[in-house]
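The residues making up each chain are set out below.
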Amino acid sequence: EDKVVQSPLSLVVHEGDTVTLNCSYEVTNFRSLLWYKQEKKAPTFLFMLTSSGIEKKSGRLSSILDKKELSSILNITATQTGDSAIYLCAVAKGAQKLVFGQGTRLTINP
Amino acid sequence: SQTIHQWPATLVQPVGSPLSLECTVEGTSNPNLYWYRQAAGRGLQLLFYSVGIGQISSEVPQNLSASRPQDRQFILSSKKLLLSDSGFYLCAWPSLRGNTIYFGEGSWLTVV
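Quick note, the sequences are listed as chains W and L, same order.
Under our numbering, residues 1 to 110 are what the first sequence spells out, in order.
Under our numbering, residues 1001 to 1112 are what the second sequence spells out, in order.
Since the hints were derived computationally from the structure, they do not count as laboratory data.
By construction, the Cβ of each residue, glycine as well, lies at the ideal position given by its N, Cα and C atoms.
There's no promise every hint is true.
[To be verified] Reference excerpt, derived from the structure (chain W facing chain L, CB under 8 Å, subset only):
#	residue
1	G16
2	I54
3	G82
4	K97
5	F100
Can you build the whole structure from these sequences, using the hints too?
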């Protein structure tokens, strides 16, 4: 059975801290790994990773995929209160289906 | 550009009542469309996907059904809601390059 597991499930840090969110997967027909940010409503797309070892970066957020370890991390540096959200990891399989992890609820305190 | 609309945004329904959630896509033709559900404190679960009019695949056995009466319309239904049907329902479609999936605004369903 396909499985995507995120850790930690919940994380509370202070503004300015750096955080690392983890995602591991066991999925057949892997195509890519995606990260989404979900605030109050629908998830918004952050990154898509297909190749191992190549870091994707957008401002203070970055992510990398390790296909050997079947995992990915999402880093956020110099966190701000606006980074508070649920971060979802998903693996795309054939037919454009996504298998999602449970999400990590990140809270940034001022 | 492609846009996706879902309605209603929120819904409170009694157990045993019917359900209809609608999703409409604009700016694209013959897209694959998806219905996901997110239960409280959990990740998203794929319920149905459709590759075209009248073509529906169900991912998990459940109390819900889906239909695609037109190319750009995807409907999620139930004849009799259960408490366990409560959740956040999201319609989604893939990007033009097929390398990611975008979501509609979502519909909050509370079954009481």
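Going down the list of hints, with the structure as the test:
1. G16: This hint is violated: G16(W) lies away from chain L, its Cβ roughly 28 Å from the closest one there, beyond 8 Å.
2. I54: Violated, about 15 Å.
3. G82: Violated. Min distance 20 Å.
4. K97: Holds, about 6 Å.
5. F100: Holds - the Cβ of F100(W) comes within 8 Å of chain L, reaching about 4 Å at its closest.
The structure is inconsistent with the numbered hints 1, 2, 3, although it conforms to all the rest.
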